[in-house]
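Enquirer: Heads up: the sequence lines are chains A and B, in that order.
My numbering puts the last residue of the first sequence at 113; the count rises by one with no breaks.
My numbering puts the last residue of the second sequence at 133; the count rises by one with no breaks.
Keep in mind the hints are simulated off the structure, nothing from the lab.
Each hint should be verified, as a subset may be incorrect.
Claimed, not checked - Chain B side only, calculated, beta carbon under 7 Å to chain A, not exhaustive:
#1 37
#2 64
#3 68
#4 70
#5 73
#6 75
#7 120
#8 123
#9 125
#10 126
#11 133
Said to hold, decoys possible - With a straight-line cut-off of 20 Å between C-alpha atoms, the simulated PhoX-like cross-links for lysine-lysine are:
#12 58(A) with 120(B)
#13 66(B) with 12(A)
#14 81(B) with 66(B)
#15 93(B) with 120(B)
To be verified - Distance windows between CB atoms, simulated:
#16 85(B) with 15(A): 25 to 33 Å
#17 17(A) with 91(B): 43 to 51 Å
#18 33(B) with 63(A): 25 to 33 Å
Cβ atoms here follow ideal geometry from the backbone N, Cα and C, with glycine treated the same way.
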Amino acid sequence: DAGITQSPRYKITETGRQVTLMCHQTWSHSYMFWYRQDLGHGLRLIYYSAAADITDKGEVPDGYVVSRSKTENFPLTLESATRSQTSVYFCASSDPGGPEAFFGQGTRLTVV
Amino acid sequence: EDQVTQSPEALRLQEGESSSLNCSYTVSGLRGLFWYRQDPGKGPEFLFTLYSAGEEKEKERLKATLTKKESFLHITAPKPEDSATYLCAVRTNAGKSTFGDGTTLTVKP
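Model the full assembly from the supplied sequences, consistent with the hints where possible.
Expert: Next comes the structure, spelled out in structure tokens:
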């Protein structure tokens with residue numbers, strides 16, 4: 002099915018562990034984005050990518066690493082998880098210049 | 025610094041009671057303003073893009089409008105299924121989108 006798939010949907014991890022959140026899209030959109038959404042707030046951009054092997058920082062990149070070796074995949078890694086990274090993470094994709102038109106279902110991450 | 029402010033934070037309406045949600049923005053070089061609907065536990069669903077002052081877009085009971093400083097999402101004769109959080113976002117010349125905190129709409133039957 003076409004769309005954006007995020008995995009896992011839920012994750013509990015311990016402080017200091019490395020965690021990778023996966024994002025896969027079938028639209029062949031060139032742009033992909035990672036956002037975090039904290040309770041009662043809007044979305045804050047972590048990283049985005051304009052194409053394979055091209056990534057750039059967003060508003061809140063510290064503590065996160067991304068890669069994009071293939072157009073369809075855009076994993077987000079928390080190198081050493083902290084409690085402040087407890088959040089819901091959304092992946093999105095778009096065509097160049099267009100809105101983030103398609104969002105995944107989100108990954109709810111809890112760092113204990 | 026780009027800023028997006030949505031008001032009110034929460035809005036409770038009776039079914040059929042029309043109202044408007046506000047999204048005011050301060051940005052350098054607006055490339056587009058976007059509206060989304062977000063249901064609990066789900067990702068945002070794209071609704072509209074507005075590019076220039078005076079532009080309007082409609083979809084069922086929703087109409088979005090844009091001025092040089094703000095956008096309104098008008099909801100006409102809402103139904104309970106319109107209950108959701110509505111987010112607006114602005115895209116600037118830097119190519120990134122900045123989101124507001126959203127308005128949570130509850131429509132009572």
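Enquirer: With reference to the structure, classify each hint as holding or not holding.
Expert: Hint check results:
1. 37: violated (20 Å)
2. 64: Where the cut-off is 7 Å and the nearest Cβ of chain A is about 11 Å from residue 64(B), the hint is violated.
3. 68: Result: holds, 5 Å to nearest chain A Cβ.
4. 70: holds (5 Å)
5. 73: Holds. Min distance 5 Å.
6. 75: violated (10 Å)
7. 120: holds (6 Å)
8. 123: holds (4 Å)
9. 125: holds (5 Å)
10. 126: holds (6 Å)
11. 133: violated (25 Å)
12. 58(A) with 120(B): holds (10 Å)
13. 66(B) with 12(A): Given pair residue 66(B), residue 12(A) holds - Cα atoms ~16 Å apart, limit 20 Å.
14. 81(B) with 66(B): Not satisfied, since the Cα-Cα distance of roughly 24 Å exceeds 20 Å.
15. 93(B) with 120(B): holds (18 Å)
16. 85(B) with 15(A): 25 to 33 Å: violated (46 Å)
17. 17(A) with 91(B): 43 to 51 Å: Distance hint for residue 17(A), residue 91(B) holds at roughly 49 Å.
18. 33(B) with 63(A): 25 to 33 Å: For residue 63(A) against residue 33(B), whose Cβ atoms are near 28 Å apart, the range 25 to 33 Å holds.
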